[in-house]
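Taken in order, these protein sequences are the chains called A, B and C. Residue 281 is where the first sequence starts when you use this note's numbering, and the numbers rise one by one after that. Residue 9 is where the second sequence starts when you use this note's numbering, and the numbers rise one by one after that. Residue 22 is where the third sequence starts when you use this note's numbering, and the numbers rise one by one after that.
Everything labelled a hint here was simulated from the structure, so no lab data went into it. Treat the hints loosely; a few may be bogus.
Stated by the list, open to error - Here are the simulated DSBU-like cross-link-like pairs (lysine-lysine), alpha carbons at most 30 Å apart as the crow flies:
| no. | chain 1 | residue 1 | chain 2 | residue 2 |
| --- | --- | --- | --- | --- |
| 1 | C | Lys-47 | C | Lys-228 |
| 2 | A | Lys-343 | B | Lys-87 |
| 3 | B | Lys-87 | A | Lys-376 |
| 4 | C | Lys-67 | C | Lys-520 |
| 5 | A | Lys-343 | B | Lys-142 |
| 6 | B | Lys-171 | A | Lys-376 |
These numbers were taken from a predicted model, which means no experiment stands behind them.
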Amino acid sequence: MPPMPQLSLSGVVPFNWYLILSVILFALGVAGFLFRRNIITVFMSIELMLNAVNLTFIAFSYKMGQNDGHIFSFFVMVVAAAEAAVGLAIILTVFKNRQTLEIDEVSSLNN
Amino acid sequence: MDVILFLLFAGVAVICAINLVLQTHPISSALSLVGVMGALALIYLQLGGEFIAMAQLIVYAGAVMVLFVFVIMLLNEGKERKMQRKLWVRWGGPPLLFVFVAIMATVVEHFLPPSEGVTFGAFTKGTAEAIGTKLFTVYLLPFEVTSVLILIAIVGAIVLARKEID
Amino acid sequence: MQLWLIPILPLAGFILNGVFGRKLSKAVINTIAVGSVLLSFLWVLKTLSALGAFSGGLEQTYKEQYFSWIQSGALNIGVDFAVDRLTAVWLMVVTGVGLLIHIYATGYMAHEGGYYRFFAYLNLFMFFMLVLVLGANFLLLFVGWEGVGLCSYLLIGFYFLEKFATDAGNKAFIVNRIGDFGFVLAIFLIGNHFKTLDFTTVMEQVKTMPIESSIGWMTAIGLLLLVGATGKSAQIPLYVWLPDAMAGPTPVSALIHAATMVTAGIYMIARSAQIYLHSSMALDLVAIIGIATAFVAATIGLCQTDIKKVFAYSTVSQLGYMFVGLGTGAFSAGVFPVMTHAFFKALLFLGAGSVIHALSGEQELSKMGGLRKKIPITFITLMCAGVAIAGVPPFSGFHSKDAILAAAYEHAPWMYWVGVFTAGMTAFYVFRALFLCFFGEYRGDLDTSHGHDAHGHDAHDAHGGHGHSGIHESPAVMWIPLAILALLSLGGGYIDIPKYLAPMFGDPHEGEAWLMYVSVASGLAGIGIAAWFYLLSPAVPEALARGFATPYRWLLNKYFVDEFYDSTVVNPMIDGSRVFLWKVADVRIIDGAVNGAGTVARATGSLLRLAQSGYIRNYAAWVVGGSILVIAYMGLRGSF
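Isolated chain A, as found in the complex (with noise of 0.2 Å):
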């Protein structure tokens, strides 16, 4: 491990570390994507995801000195919103005809 900058209350804020809170957020929206069972919910995971795909975006930006990825971010933040407007749709649909939320009882496309 390299060592690091001065690690003090008053000092810079290390780079690594917004990487670092990245694939924390990122971690756990993996684990709510696999480990939940209400529909909606994994879905507010996939946007946890994203949001921390989005924190990489900014910090990367940052440090190259150039705003690009706050275009990126600004352009997922928008496919975002538009997939969950669509997803939720869905999620109404899915409801009106299987009359669940459970995302185990929506299999019938199985072998």
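Put chains B and C on the given structure of chain A with help from the hints.
Relative to the frame of chain A, chains B and C by itself:
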């Protein structure tokens, strides 16, 4: 000062994320997600992304999450039922998660040698003007395409969610 | 000289009759069929006289090369026709006797169904036989060989609605095939050894080879050729198809199984004379097989009751004589009877056909008798054939048989004595048949004033009745060929074939005079005994049959050879095929492999589709797992 702020907001974000995963009622999870987004917006601010921070608060936390909350309340399913999970899933899941995080952290540390840190105010190109210029010149095509995408999403959502005409 | 016209004319007849015959009238079919053979015969005459064959010329082979057929490395086989004196003999016999039989058949088959088909097949046979004798290399000979085998099968099974006829056709073809296997191996050996299949080239090379070093090869080739010859020319052990072949119409029996096809083996051995002269063992075997066949067939013929079967066994026996002639080194003596036998055997068969026609399908000797007043022309011509085959001088059979017996005595005196005894038996059984048929009282069922239809029995040719009244003489189109053949049988011996073939096979040897007297005496004795048994005291043969019951039963059942073959070869092969080849190899192995491939595919599919559980979380888990692997890989490698 930056470190304190960062640790504060990062802690809020992580705690809210853990809460999202652990809560049983979806509305609690939704509110936790709002908390995560708010904390992240403040972190963006520290990184110099003013426009993005505001967009996050207004669009993401303010519109998308509101939509989520609407749908949760509309469906009104209530708490998740407790399910008998297999033993290895209950006891093996969190450790695997730690392992995953640890691997990623190692990779990150390995690939990115520590450079100068982050201070608030060091990044100046995150203003609305700067981003707007970029958006309408260099990234004009993606901008227009995403407009079409939003249109498609609107139409799709309307078609999917309308009532059947009996 | 356009030799190719000789076989092509009958082929054209086959194509015309075969394709259009259904719509043509009988007169047109006759014209095409007989006309093509007539034109071929005339062309043979023209070609042979132009080559000087009739006037002492044709000492060298005349060859025409048409095109190259197989060209592979050093092996170059062309489609070539060649004529030398040996070929000339066969050309005259095949086209001449063939022409007479075609004319006869237009009368005999007049009331049969499938008329055009019969003549189409007959023309096809002529084509293949002519290719066989005109071919200048072993491969063309083999093409003709196989072709005549095919036509024999088609014509034996001509009445294809009768099972015994189709069975006989199958038997002929399959037994011939066994012989052909030997022939093919011989061709391979020849091609391998001499790098060519051309007759003249091979024989030149053989002539110059020293005997001691080449005897192994020559013996092998000679023995394999002999296997082929025993199949086609009905010698021991492959003669069993010829008596059954009598299920075909009588003109077929006359043409194919008396005059032409069965002599193909003789032709082939005579053609390969040089090879046999270099291997005394193979040559001896030819003679031994010949004399054994002649003797055994004659003994079987003593007791047969079907007139065509008697003549069939007589054919086998006479072919045995020809093999003896070849096997003693006197090749020209072996070829001489080909011509005389063609005359009198064709006459015997056609005459038998005339009798059968007169009796509306009856073939059993026990149902004949006293016919000499009713069908006089048939009677006279058949008696001419009888004295010819019995070897009574000065008729044709005497000359040819004498040549063979003289050569046999030179070679091995025991063969001579067996041959003499067989000659006596030959005379006996032929005249037995003739006496039973034409003399005595009529023993049949037909009302002698007006007749009715008789149905054919099994193992007969199924020539049916035709509702004419009475036992009547055959029409002119049938008895004119009989008369011509009778004249040839009587006088044909004076065509001196051995001297004619001397440039090829050496001068014929003159035997001592007493050999001749003994064989003539044996023939006359045979006739006398037959007259005693069947004209004067009919009780004697019956008493003999009862007294020697077991030998009689053996002779009547042809030594149970067919039953023996059935139990040792045919049935094991059928059972083996069914049990092993069908049930195991085909059903279990091949079908198992093919079905197994399908089963494996289905099983793999069943296994793979377990991944499609329908649970979204499972799919997500797979995605996460895969991405972790990729990240780990990237991390370890340092880059992608």
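Evaluated hints:
This hinted pair does not check out: Lys-47(C) and Lys-228(C) have alpha carbons roughly 53 Å apart, beyond 30 Å. The hinted pair formed by Lys-343(A) and Lys-87(B) fails the criterion: a straight-line CA distance of about 43 Å is larger than 30 Å. Straight-line distance between C-alpha atoms of Lys-87(B) and Lys-376(A) comes to about 19 Å, which keeps the hinted pair within the 30 Å bound. Restraint check for Lys-67(C) and Lys-520(C): satisfied, since their Cα atoms lie roughly 22 Å apart, inside the 30 Å limit.
Proximity of Lys-343(A) to Lys-142(B) is assessed by CA-CA distance (about 18 Å); at most 30 Å being required, the pair is judged to hold. For the proposed pair Lys-171(B) and Lys-376(A), the alpha carbon gap of about 10 Å is at most 30 Å, so the pair holds.
In the structure shown, a violation is registered for the earlier hints numbered 1, 2, in ascending order.
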